[in-house]
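Based on the hints, put chains B and C in the right spot on chain A.
So you can see what is in the structure, the chains are spelled out below.
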Amino acid sequence: MQEKATTTWKDVLEFPIGGRQQKPRQAGLTMVIDKGLGLTEFRDLLEVAAPYIDFIKLGFGTSVFYPAAILREKIRLARSYNVDIFPGGTFFEVAVLQGRLNLYLQTARELGYTFIEISDGTIDMSRTVRLAAVRQARAAGFGVITEVGKKDPRDALSEALLLSQITGDQEAGADYVIVEGRESGQGVVIYDGRGAVKEDILASLLAGIKDLDRVIWEAPQKQHQQALIMRLGPNVNLGNVQPGDVLALEALRVGLRGDTLRTTLKVAEVS
Amino acid sequence: MQEKATTTWKDVLEFPIGGRQQKPRQAGLTMVIDKGLGLTEFRDLLEVAAPYIDFIKLGFGTSVFYPAAILREKIRLARSYNVDIFPGGTFFEVAVLQGRLNLYLQTARELGYTFIEISDGTIDMSRTVRLAAVRQARAAGFGVITEVGKKDPRDALSEALLLSQITGDQEAGADYVIVEGRESGQGVVIYDGRGAVKEDILASLLAGIKDLDRVIWEAPQKQHQQALIMRLGPNVNLGNVQPGDVLALEALRVGLRGDTLRTTLKVAEVS
Amino acid sequence: MQEKATTTWKDVLEFPIGGRQQKPRQAGLTMVIDKGLGLTEFRDLLEVAAPYIDFIKLGFGTSVFYPAAILREKIRLARSYNVDIFPGGTFFEVAVLQGRLNLYLQTARELGYTFIEISDGTIDMSRTVRLAAVRQARAAGFGVITEVGKKDPRDALSEALLLSQITGDQEAGADYVIVEGRESGQGVVIYDGRGAVKEDILASLLAGIKDLDRVIWEAPQKQHQQALIMRLGPNVNLGNVQPGDVLALEALRVGLRGDTLRTTLKVAEVS
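Chains as they are written, first to last, in our numbering: chain A, 11 to 281; chain B, 11 to 281; chain C, 11 to 281.
This is chain A alone, in the form it adopts within the complex (with noise of 0.2 Å):
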């Protein structure tokens, strides 16, 4: 067996397999979602797995407490990896409440951020504001990303409602449209109390969306990606991924973990 120092997988596989996109991507997006890692945690994550993250949200408010040079430096190190952050849309909606979107919207700007969450999951606010936000966000210089569904079942939207928001964001101007799934992936949107995909739901979504490679599909646990990339294929946009699972769903996007490869790929026969 000889050795050659240049051998890498790649040249064991056909690889991408299941025509996956490089980076950057006009689809198969994932967004990651950062509780709190510290910065050498969040170092190892990027110099890991960056080819494999689109976006990173640092969580709900969390941007609050970080220290500020620690933040300042998350960010950088993100940016310098060709990684897009965000902070929270819960933030963004306390930011609202208290008044200061203006104060909130600078205060991100300096610090770095590139893109503005817009969300209504757990505040009341009206149209008229969410597409002023929109707007006033793009003007800032950002991305944006908006979020349709609320985050308690007592609040729930219809798919009609669902689907207006999401076609009225895309035309307001936000770049990507979050479909809620909070941190469970339980009883919310397109997940029934035990984290299984609504199919009605989701299909009647399908069926609505425009523009499916400008829609994120908040999918916390193994068991919602795998239903989604079975149901959408390999560049389905997939949001709130753990940082500890980036390289799994990499994997189960591609057809190299037994519960894509089965369907993935055309099981050549063996003998």
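FYI, nobody ran anything at the bench for these hints, they're computed from the structure. Wrong hints could be hidden among the right ones.
Identical copies go unnamed one by one, so any copy, or any two together, can satisfy a pair.
Subject to a maximum C-alpha distance of 27 Å in a straight line, what follows is the list of computed BS3-like cross-link-like pairs (lysine-lysine) [to be verified]: (1) 208 with 33; (2) 220 with 160; (3) 208 with 232; (4) 232 with 160; (5) 160 with 33; (6) 208 with 220; (7) 33 with 20; (8) 220 with 33; (9) 220 with 20; (10) 208 with 20; (11) 232 with 20; (12) 232 with 33.
Here the structure is a predicted model, which is why all the values come from computation and not from measurement.
Relative to the frame of chain A, chains B and C by itself:
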């Protein structure tokens, strides 16, 4: 939009929201369980989250397994960030079983631990032995945290007995009393088999506890933390928090997360 | 209380409790699944826990996604700590499907992997092909771990077939045989849909296995680990252990955790 180098998120929010106490604090303590973090991860955690961590427990008997130099360095690091640190109660129970409490306390002191946990979650221990251990640990210069509640549901104690233990421990000089929640928060003391809070038991305990600020509720998962914050406010003492959840818990406490934002902020009219 | 610079926890305990074997050990092996740890986390893990880790598997096909320098460094680090390391079996299955087993083994060897996992968890593979792969991997200088059990419950094999595979693989030269447990430990081989051990199937397997010390049970969650330790003792071989759980598992093995303390220690009278 004017850049301002000194802008921080604190300017954006009326912060802290909801009267969250700052460190050193009399209530609203967060106790983290460390199941075996490496040195870099541990330093990362403290660097990012020390202002939100009051205690770190090296869970179970894991203290035994560390290379000596790493264990010492972890303890030194925690103390340098003003975080108290102690070995898990099961280890104390084993020391008592082996008749080596003296050596246990001596070793813990020499290593630099600042607190001792005194529990009988697994073994049987008479009231006399328990209170003698509290006194002995205090005499050796440690802060003392006792724990009430059995780990095995077959051994469950009555509310009356739990209350008498909590009061007795506090009177005997325990700085804090932990209510057992295990790593799962399922089927133990105040949690039912699915992890929901048993309202009747919690109410009984709350009615009888004299010094609530010196009780720490083990609340390993978000559902437990959320339920107790909704019930007891942002300054409830919570334990067995996962290292990666500290900032997310802080967001829960102050209403920067959907679940608590809804109730902890007076929702202003947005139109 | 006299300070003693050389005091360690080993003096406090009669250690190891319950006859736990030390490394290199013939039984009681722990195999960790790594889903994509960064270099610092990986080094951290080894620094703290290498004495308790016998194997690290880079799960699924994640090996493909690492930057080459980082993958090489991870493999080098594992070996420097006397930990064997191998790529996940699904990746092997893809290589076989693509007719590139030779190149797969050559690349694995050039990268420094010490073991090869041979599985058919997802694809169909004849007995002839399987045993030829075992021989080929051994001839290339690798240790060999085979895996039995299908990932998909629809493909479940009978106990008789599992046993004949285990015995056949061991006779053909496999160093170890893994019993499939997946990442979930639910609804697969010895685990039911809720993750509890199916006693009847486990008993059948135990009755038929000739060399139990060369069988590794995938046991991803604490409930699986605890059940198997209670059933088979502290020196059972366990696999798919999460990196962050290694010290907690070691505590379970030796009775330094409530669940096993109760039974593995003879509970002395404390009064």
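Results of checking the hints against the structure:
1. 208 with 33: neither (31 Å within a copy, 45 Å between copies)
2. 220 with 160: within (21 Å within a copy, 40 Å between copies)
3. 208 with 232: Answer is both; intra-copy 16 Å and inter-copy 24 Å each pass.
4. 232 with 160: both (22 Å within a copy, 18 Å between copies)
5. 160 with 33: Result: close neither inside a copy nor across copies, 31 Å intra and 34 Å inter.
6. 208 with 220: Classified as within: same-chain Cα gap 20 Å, cross-chain 47 Å, threshold 27 Å.
7. 33 with 20: Classified as within: same-chain Cα gap 17 Å, cross-chain 35 Å, threshold 27 Å.
8. 220 with 33: within (23 Å within a copy, 51 Å between copies)
9. 220 with 20: neither (36 Å within a copy, 40 Å between copies)
10. 208 with 20: neither (37 Å within a copy, 41 Å between copies)
11. 232 with 20: within (25 Å within a copy, 36 Å between copies)
12. 232 with 33: within (22 Å within a copy, 34 Å between copies)
In the structure shown, a violation is registered for the earlier hints numbered 1, 5, 9 and 10, in ascending order.
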